[in-house]
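Q: One line per chain: the protein sequences are A and B, in this order. Letter by letter, the first sequence follows residues 0 to 319 of numbering that gives the first Met the number 0. Letter by letter, the second sequence follows residues 0 to 662 of numbering that gives the first Met the number 0.
Hints were generated in silico from the structure; no laboratory data involved. Check before you lean on any hint, since a few could be wrong.
In silico lysine to aspartate or glutamate, DMTMM-like type, Cα no more than 20 Å apart, as pairs [to be verified]: (1) A:K36 <-> B:E111; (2) B:K621 <-> B:E658; (3) A:K184 <-> A:D93; (4) B:K16 <-> A:D130; (5) B:K596 <-> B:D551; (6) A:K184 <-> A:D130.
Residues from chain A shown here face chain B by an in silico Cβ test under 7 Å; the list is partial [stated by the list, open to error]: (7) S35; (8) G51; (9) D130; (10) R161; (11) Y162; (12) P163.
Using N, Cα and C, we set each Cβ at its ideal position, and we do this for glycine too.
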Amino acid sequence: MIANIRQSISDWIFRATIPESPPVTLVQRRIFILPSKQGYLFALVLLLLLVGSINYNLSLGYMLTFLLMSMAGVAMLHTWRNLAHLRLRPGRCDPVFAGDMAHFGVGVETPSQTRFAIAIRRRGEEPVYADVVPGVTNGVAIPVSTRRRGLVRAGRLEVFTRYPVGLFHAWSYIDFGLTVVVYPKPDPFAGSPPSQSRSHSEEGIPVAGEEEFNMLRAYRAGDTPKQIAWKALAREQGLLTKEFSAMASSELWIDWDEARGADLEARLSVLAHWVIQAEGFGQSYGLRIPGTVIPPNRGDLHQARCLEALALFDNPEAAQ
Amino acid sequence: MTATSPAVSISAPLDVKNVLWLLAAMVFVMAPHVPRLPYWIAIFCAVVIAWRGWISWSAWHFPRRWFMVIVTLASIVGIWLTYRSVFGREAGVALLIVMAALKLLEMRTQREVTLAIYLGFFLVLTSFLFSQSIPLGIYMLVCVWIFVATMIGFNRIGSSPNFAERLRPAAAIVIQALPLMAAFFLLFPRVQGPLWALPRDTSAGRTGLSDTMQPGQLSNLIKSEEVAFRVQFEGDMPPYGLLYFRGPVLTEFDGRTWRMPELSSSGQLRYSRRERPVHYAVTIEPHQKTWLFAIDVPAEVPKTTTRAGVLYDLQLRNIVPVNQRMRYEMTSWLDYRYGEETPRVILMRLLHVEPGRNPRTVELGQKFSSETTNARAFVNRAMQHFSTQFTYTLEPPKLDLRDPYDDFLFNTKLGFCEHFAGAFTLLMRAGGLPARVVTGYQGGEVNPLNRELIVRQADAHAWSEVWIPEEGWVRVDPTAAVSPVRVEGGVNAALGPIGVLNSLIASDGSGMLPYVRYAWHMMNSQWNQWIIGYNTDRQRQFFMNLGLPTVDWRTLAFWLVVATFAVGGAVSFGLLVRDRPPRRDPAVVAWQRYCSKLAAAGVTRAPYEGPLDYLARVKSMKPQVAAAAEDITRRYIEARYGAGATKAELKELMQRIAELRPA
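All chains should be built: construct the whole structure from the sequences, respecting the hints.
A: The following block contains the structure:
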């Protein structure tokens, strides 16, 4: 009850403008700082030490009390500074299959010295700790467990630290609008996609792929050695890449109507399994589900496109 | 470049290294208590701490709850059996230590670690109940440092810091906290304690004069090098032989023991002559008794300690026992005459001789008295007796219990001040002259660095006062007759060095060692005056010295706030100055200017385009500036990626860019 009220008050106070354009620098006014539970307890300890010192007239007791108190003050500045001026940018949020661990990636950079024990967490979840070293973008992956397919939003992230002595909790909120696509969990008992594929496409339309040699073009970084025209290189024509086009002659259609399942999710699982199978066979395949038709193709990108279509089918805002 | 770190869960078991650091910090902070603790507690703590270390080291299981409960109850009972109490200073500290050790044993989570560390801070405080010396202060500062380093280790979640990575940031925090600590120490409004009754056993193990005297009692005191008090003189120090610090005056005698009277009344200081004033300040160590010390004879009640008074026998008494270090300012008269009109009833009591005890001594006194014509001659006759046949020693033989002074005067003839003073006073009384024993301190050691007189327990002394008609009370020191050097040069001179250490440092005045010793004493004196003795009065004095005669809590609060902000500002500045972005390469600034100029002309550099690719595009799209662009690009590459550029070359580059007209 009280926790809920506190949560809503803090939501109201720290409401963020979302989403933000990266990179975000944690400037002074974005950072909040309050004593941690340990810090409040420490204040009580200080009070007891002071009372003891007064009672026994211990000058060194006074010194101890004031030293610890001043240290808490200095530590507050250190804690705040440990968070100040960090730069955050969104990182990789790779899609996963339902039931797997997904990760929201956040890149953290420090302008000067190493910042220790920087933690990032989603509301109500365990934080992830990382030391942020200068000169590189430190990737922090915030894990999230997935149960259903769909889109998981990271929501507002809390970046906080208690280093060095844990007496203070300095924090800031960021929201990059990070999302992870969760594919339907493939149904391993779905078997192979039905072989009686029906071709709906016209004959002879070239589709970018690797099937048939099409042309030579200038080499671009990332082209595989398999595609390089070694003969042309030997003829001193420079580094060229062979481009192929797949003639969409024999293709497989993965069709909503052919998938049998108890419910919608079961059907999507079957379809997801077929997509993976088809990709594994090296076959060109297309996907047809109500509202979406993805023309036949192959490759990782195509597979991702198909699985994403299944993930987001009829359910654009799935919970985790 | 990226570096990805794995997720770390906070609920993992405590890191072994961190636990070992905490255990080490605890051992450090408990160590000063060990000599005071009974053996079983020290061993108990050692076992418990080793056990906890083993649990972490080899992932051993924690003891069961019922076991912990039994051990806890058993240790409380053990402490009760040892001290017959669980409160009070000694027992309370023992209990705290045992509980801290047991807390370590069952510590599993970060939260319990925090509690253990806080207990450690309390242990630091309890050490100060027993001593507030400079070495202990420094040692405890180191302990706090280690505790902070431990806290840093536990808060470095996600990585395990090495030695330096713990100690260095901890040192930074401690050092940055010191100025604010000093400000608070000086400015925080002081309240004179205690807030509640002090535990009864605070006097345990303190040495000092007592209110009784019997032969041989002082000798243990005289071997103690503990400081009794320190004296700072305003102006010149009186001659060494006149430094008689008056303490308890003993008048009651039972044949063996001299005692203070049960009742003493305060009296008017009626001196018929008082000359040669001497002004001085005494910083007295706590001795748990009410008496204070003043040079014979005190002039007035101390100004600063209003709760003290002078009794009719010139004893200086505080209302409450001196249980903390205390400083008072005094004036004394070195040349005086008083007490001629002492009532007969009082004088009669001072003639009392316990019948049947020490018969030969009484007989001797009567003999001396009958041989002489007046009081002065009688006193001199007795003094002469001491100067001829007696030897000064701190190792006198044991005396007969019933007639100790007979034994001393006629058999052993070996003794020191209290033997002489007691026997002499008894002789005087037997001869019909009112007399009493005065105990206190005589002499002391002068610190040449600050001209301070250090009076130790070893300087404890006893002498006699006799009442001579028409003259009043006269001090007679029979020890001076036996060993004049004791009175003129101190007890060490009379005896030779005591112990090895003293023979090293006290035997002669040459070389570095005395200098070091005196410097140490001066430091201690400053420490005692300004650190340990810093109280309400000192605080007022401190502000008086600053020219602020009246200081109320508002002024203090104001300055505290100022100090807090000053220190906070300085620390923040120091921290943030490191965050300023590095100065940008002027070549890059120039290059960006060049690019934006071309972009305005329609040739925007793509983010992935290097200078040479960009140049190629500029050349093809803007042929009219090809030569200038090539020149600028070449200069930029040389400045940025080549040998670098001088100031003149950079200026030249800026000039070329300014002259570029791509549009």
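Q: Would you mind marking each hint as holding or not holding in the structure?
A: A quick look at each hint next to the structure:
no.	hint	result
1	A:K36 <-> B:E111	12 Å, holds
2	B:K621 <-> B:E658	15 Å, holds
3	A:K184 <-> A:D93	15 Å, holds
4	B:K16 <-> A:D130	18 Å, holds
5	B:K596 <-> B:D551	67 Å, violated
6	A:K184 <-> A:D130	34 Å, violated
7	S35	10 Å, violated
8	G51	6 Å, holds
9	D130	5 Å, holds
10	R161	6 Å, holds
11	Y162	5 Å, holds
12	P163	5 Å, holds
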